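Engineer: Chains as they are written, first to last, in the numbering used here: chain A, 1 to 179; chain B, 180 to 286.
Calculated from the structure, these hints are not laboratory results.
Mixed in with the good hints there might be a few duds.
Derived contacts from chain A toward chain B, CB cut-off under 7 angstroms, selection only [said to hold, decoys possible]: (1) 73; (2) 75; (3) 79; (4) 82; (5) 96; (6) 104; (7) 109.
Bear in mind that the values here come from a model prediction, so they are computed numbers and not experimental data.
Cβ coordinates follow ideal geometry from the N, Cα and C atoms, glycine included.
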Amino acid sequence: MNKTVKKFKFFNIFQYDLEEAYLREMSQKGLHFKSAKLPGFYTFEVGEPKDIVYRLDFIREDDKEEEEYRNTLKQNGWEYITKFADFSYHIKPAKDENIELYSNRESRLAHVLSMMEKRRLPILLINLCLWYSAFSSSPTDLTDILASVVSAISIAAVIFLLRDYMRLKKTLSNAPEAL
Amino acid sequence: MDERIRRVYVPMTETGFYILFSLQEEMHGYNIGKYVSDITGNQVSISPGTMYGTLSKMEKDGLIDFIRNEDKRKFYKINDLGREVLDIELKRIERLYKNSKGETVYE
């Protein structure tokens, strides 16, 4: 059993490209990602520094489809590492020719859109209900103040998520087509 | 042809065109990728996520049929609707090509 190191670094769902870059950087230092148990807590295995490309793919809802998809990636030379939360993690040596999971703009944006649809819209709706109940009552007693604080935090969270979503969409739109 | 199908697939993306074009023969995703690389002198490569997504979408939209499973590989082939879309696209590409050479196209 190799020595392992734990590190903390948090990325939200729309920062998965930054997470990919972070994991690659760690591998270049000889810390190879093995698993994650809680959001932001990474377990790395200590080894030789290697240039490895990490790709995160949004997990498909249908288990059979997900398995099928992982097989497809395997046939294309991708090694499956683990899954955590919304994503499955796949690696390939950086010197390999085809190091993207999505080669054209359309499919890259579709990938991100599926994240937005499946995970964040329900949260947004819950938030709206929360805000509605908070703002429709006047903050006179403690519970109302608490509700306002919770709403303020959730509003901030949604704003940050939207900002990251816009950033990601822009990055992906500007990325060159893999030809 | 459905208005939606026409809107989504005419004109097609380069990836979409090469996948549908390849499926005139029965093939699975990995095969299609290799075939497209070969016939384009490695100028067009289709990544697995894009391939998988496009095949699922085309199957759902009824342009291609799932034929069989072999060694965990799914074989597909173009069907009548797919053929119709491909023919429209081939005609369009031919027109583009002719016009780009300075030829005028009639009817």
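Engineer: For every hint, state whether the structure bears it out.
Structural biologist: Taking the hints in turn, this is what the structure says about them:
1. 73: With Cβ-Cβ at 5 angstroms, under 7 angstroms, it holds.
2. 75: holds (5 angstroms)
3. 79: violated (13 angstroms)
4. 82: violated (18 angstroms)
5. 96: violated (12 angstroms)
6. 104: With a minimum Cβ separation of about 5 angstroms from chain B (threshold 7 angstroms), the hint on residue 104/A holds.
7. 109: violated (11 angstroms)
Hint compliance for this structure: hints 3, 4, 5, 7 are broken, all remaining hints hold.
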